[in-house]
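Asker: Line order of the protein sequences matches chains A and B.
Mapping of the first sequence onto our numbering: position 99 corresponds to residue 99, and the numbering continues sequentially without gaps.
Mapping of the second sequence onto our numbering: position 260 corresponds to residue 260, and the numbering continues sequentially without gaps.
Some hints could be false.
To be verified - Among the chain B residues that face chain A by a calculated CB cut under 10 Å, a handful are:
| no. | residue |
| --- | --- |
| 1 | Ile53 |
| 2 | Gly58 |
| 3 | Gly63 |
| 4 | Phe64 |
| 5 | Met77 |
| 6 | Glu81 |
| 7 | Gly182 |
Rather than coming from a laboratory, the hints here were simulated on the basis of the structure.
No experiment lies behind these values; they were computed from the predicted model shown.
Backbone N, C-alpha and C define an ideal beta-carbon position, used for all residues, glycine too.
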Amino acid sequence: MIQNKEKFFKKICNKLRLKCLEIIFRTKASHIGSIYSCLDIIVYIYLYIIKFNKRKPNHDFIMSKGHAGLAVYLVLYYKKIISEKKLSTYYQNGSFLSGHVSHYKNPGIEVSTGSLGHGLSIGCGYALANKINNSHKKTFVLMSDGECNEGSVWESVLFASHSKLKNLVCIIDFNNLQSLDTIKNTLNTLPLDKKFKSFGWNVAKINGHSFKDFLKVFSRKSNNSQPLCVIAKTIKGRGVSFMENNVLWHYRSPNLGELKLANLEISSST
Amino acid sequence: MRDIFIKTFEKKVKRNDNTILITADLGFGVLDNFKKKFPKKFINVGICEQNMIGLATGLSKKGFNVFCYSLGNFPTMRCLEQIRNDAAYHNANIKIINVGGGYSYGPLGFSHHATEDLSYMRCIPNVKIIAPSCPEDTEILTDYIFRAKGLFYLRLDKQRNQEFKILKKQIKFGKICTIKKGNGLAIFSIGGITNEVYKVSEFLKKKKINCSIYNCHTLKPFDVKIDILLKKYKKIVVVEENSVLGGLNGEISEHIVKLDLPDIQYLNFGIKDKFQKVVGDRNYLLKKNNLDYFYIANKILKKFNI
Numbered sequence: 001m002i003q004n005k006e007k008f009f010k011k012i013c014n015k016l017r018l019k020c021l022e023i024i025f026r027t028k029a030s031h032i033g034s035i036y037s038c039l040d041i042i043v044y045i046y047l048y049i050i051k052f053n054k055r056k057p058n059h060d061f062i063m064s065k066g067h068a069g070l071a072v073y074l075v076l077y078y079k080k081i082i083s084e085k086k087l088s089t090y091y092q093n094g095s096f097l098s099g100h101v102s103h104y105k106n107p108g109i110e111v112s113t114g115s116l117g118h119g120l121s122i123g124c125g126y127a128l129a130n131k132i133n134n135s136h137k138k139t140f141v142l143m144s145d146g147e148c149n150e151g152s153v154w155e156s157v158l159f160a161s162h163s164k165l166k167n168l169v170c171i172i173d174f175n176n177l178q179s180l181d182t183i184k185n186t187l188n189t190l191p192l193d194k195k196f197k198s199f200g201w202n203v204a205k206i207n208g209h210s211f212k213d214f215l216k217v218f219s220r221k222s223n224n225s226q227p228l229c230v231i232a233k234t235i236k237g238r239g240v241s242f243m244e245n246n247v248l249w250h251y252r253s254p255n256l257g258e259l260k261l262a263n264l265e266i267s268s269s270t
Numbered sequence: 001m002r003d004i005f006i007k008t009f010e011k012k013v014k015r016n017d018n019t020i021l022i023t024a025d026l027g028f029g030v031l032d033n034f035k036k037k038f039p040k041k042f043i044n045v046g047i048c049e050q051n052m053i054g055l056a057t058g059l060s061k062k063g064f065n066v067f068c069y070s071l072g073n074f075p076t077m078r079c080l081e082q083i084r085n086d087a088a089y090h091n092a093n094i095k096i097i098n099v100g101g102g103y104s105y106g107p108l109g110f111s112h113h114a115t116e117d118l119s120y121m122r123c124i125p126n127v128k129i130i131a132p133s134c135p136e137d138t139e140i141l142t143d144y145i146f147r148a149k150g151l152f153y154l155r156l157d158k159q160r161n162q163e164f165k166i167l168k169k170q171i172k173f174g175k176i177c178t179i180k181k182g183n184g185l186a187i188f189s190i191g192g193i194t195n196e197v198y199k200v201s202e203f204l205k206k207k208k209i210n211c212s213i214y215n216c217h218t219l220k221p222f223d224v225k226i227d228i229l230l231k232k233y234k235k236i237v238v239v240e241e242n243s244v245l246g247g248l249n250g251e252i253s254e255h256i257v258k259l260d261l262p263d264i265q266y267l268n269f270g271i272k273d274k275f276q277k278v279v280g281d282r283n284y285l286l287k288k289n290n291l292d293y294f295y296i297a298n299k300i301l302k303k304f305n306i
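Model the full structure from these sequences, guided by the hints.
Answerer: Right, here's the structure in full:
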């Protein structure tokens with residue numbers, strides 16, 4: 001049963017990787033590496049956690065890692081909340097689908113981001129509101145590991161623990177690369193898990209591309225009132241061998257030859 | 001003004017309403033009563049202004065009427081990107097309260113001189129800016145922003161005396177308030193320094209000059225009536241406890257240029273484009289910036305040759 005679900009899940013992720021490849025190639029937009037590292041997480045959240053009722057979600061998701069916004073648009077396209085026609089306008093003149101994730105005229109998206117370090121604060125606001133209102137809603141915030149360089153992140157990490165926001169889940173897309181170099185060589189924020197733990201959070205470490213790990217971590221029950229930090233070990237550029245773990249693909253878009261190779265790899269993967 | 005704000009605010013809050021007051025660890029002795037009366041509506045986020053605005057954005061999107069309380073540059077400059085990207089871009093229902101505008105905290109030094117805020121806040125879309133001049137407009141405008149939805153910046157200062165009279169019914173958000181009607185010469189001011197402007201007018205009266213005084217408590221959105229008012233005068237003076245760059249001076253001179261008015265004589269007074277390295281109380285620092293009534297009045301006489 002799980003194997004079938006996992007197979008189906010992988011099929012969707014691959015389908016969206018292909019769509020992403022075509023869009024990035026056509027638009028010459030950046031961040032394909034960043035999108036590929038967090039795509040699986042976002043697919044899981046929107047397909048298996050969030051349910052929409054008349055375009056209103058039962059849980060909230062904030063994409064703090066705004067530069068991978070296309071990943072969110074792709075998942076909403078899969079859910080038929082964003083049409084094929086609208087998706088084709090991504091990054092183009094006059095489009096509401098900006099390079100960094102945008103909420104304006106985009107149902108299914110809560111918050112516009114793009115400058116790192118903002119999303120978790122807003123997520124704290126959501127979680128606190130839900131706590132005050134005795135709502136069962138959960139708030140999920142996806143951040144990048146590089147994003148943890150920002151001081152504002154730690155203001156909200158302190159606040160979430162202090163305020164016992166157990167309905168808040170922060171997922172870190174931990175692909176170990178920033179825009180120029182590795183985490184360690186840029187500004188060493190490791191070990192992230194110990195840092196969050198020392199700030200009072202519950203911490204779980206998972207494989208950020210594993211359906212089974214998502215299933216386990218997002219269904220776990222907490223025995224305290226602390227928020228949860230899920231450190232998802234991912235691979236930047238996941239799914240295309242020459243993109244994986246390569247900082248070049250933070251900004252670069254594929255040329256025609258690379259497009260064909262990548263297409264072949266993703267299509268033939270199971 | 002701070003005490004009037006607190007008093008008015010506390011009166012408006014109801015136990016079951018959606019008000020939240022967030023402070024960034026300030027308000028000692030001032031917010032105690034509110035905290036005691038409405039503990040569930042009070043949040044001290046600590047010295048974390050960026051988180052304060054992000055938090056406020058999230059809360060407001062979930063239906064809360066959020067007030068963010070701090071002083072000086074902390075509730076604006078420290079978290080300006082959060083104000084722009086989170087609060088303003090999402091048109092959040094947040095009221096940012098600064099209880100120390102201008103040189104209110106003069107002796108504390110340059111870090112506590114909020115002397116550019118009217119300029120930079122003016123440039124951000126969706127931010128409505130109010131700087132009251134007296135207890136009456138503080139009360140009316142606090143009442144207004146409590147009821148209104150949107151992003152507001154309320155800049156209060158430590159002006160204590162008020163030598164002019166103003167009726168509460170004269171005060172409306174977004175409308176220039178006439179304090180004195182004269183002719184030929186009009187002085188536009190904003191904030192507590194309006195009292196100093198009144199002293200200017202009294203000084204000029206002795207010289208048989210009957211100037212008008214306009215209290216521009218709402219800097220943004222600015223009253224469109226300004227275009228009509230500017231056409232009525234040949235001599236325009238602007239006074240503000242803010243940088244000469246970009247605040248009220250910016251607003252009014254932009255209108256003058258747009259209207260292409262011939263023969264206007266213009267004079268503006270504000271805080272010079274340089275840091276104060278010495279300290280002093282508000283009055284002392286205002287005088288250092290030529291923002292005292294004696295200097296202003298005499299400069300007007302000299303420049304306008306009257």
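Asker: Now look at each hint and say whether the structure bears it out.
Answerer: Do the hints match the structure? See the list:
The criterion of a C-beta within 10 Å of any C-beta in chain A is met by Ile53 of chain B, whose closest approach is roughly 7 Å, and the hint holds. Annotation: Gly58 of chain B was flagged as interfacial toward chain A, and the flag holds, the nearest CB pair being 2 Å apart, inside 10 Å. Given hint, Gly63 of chain B at the interface with chain A, holds; its Cβ is 7 Å from that chain's nearest Cβ, closer than 10 Å. Annotation: Phe64 of chain B was flagged as interfacial toward chain A, and the flag holds, the nearest CB pair being 6 Å apart, inside 10 Å.
Proximity of Met77 of chain B to chain A is violated relative to the hint, the smallest CB-CB distance being about 14 Å (cut-off 10 Å). Taking 10 Å as the C-beta cut-off, the interface hint given for Glu81 of chain B holds, the closest approach to chain A being about 6 Å. Interface restraint check: Gly182 of chain B against chain A, minimum CB-CB distance 47 Å, threshold 10 Å, status violated.
The structure is inconsistent with the numbered hints 5, 7, although it conforms to all the rest.
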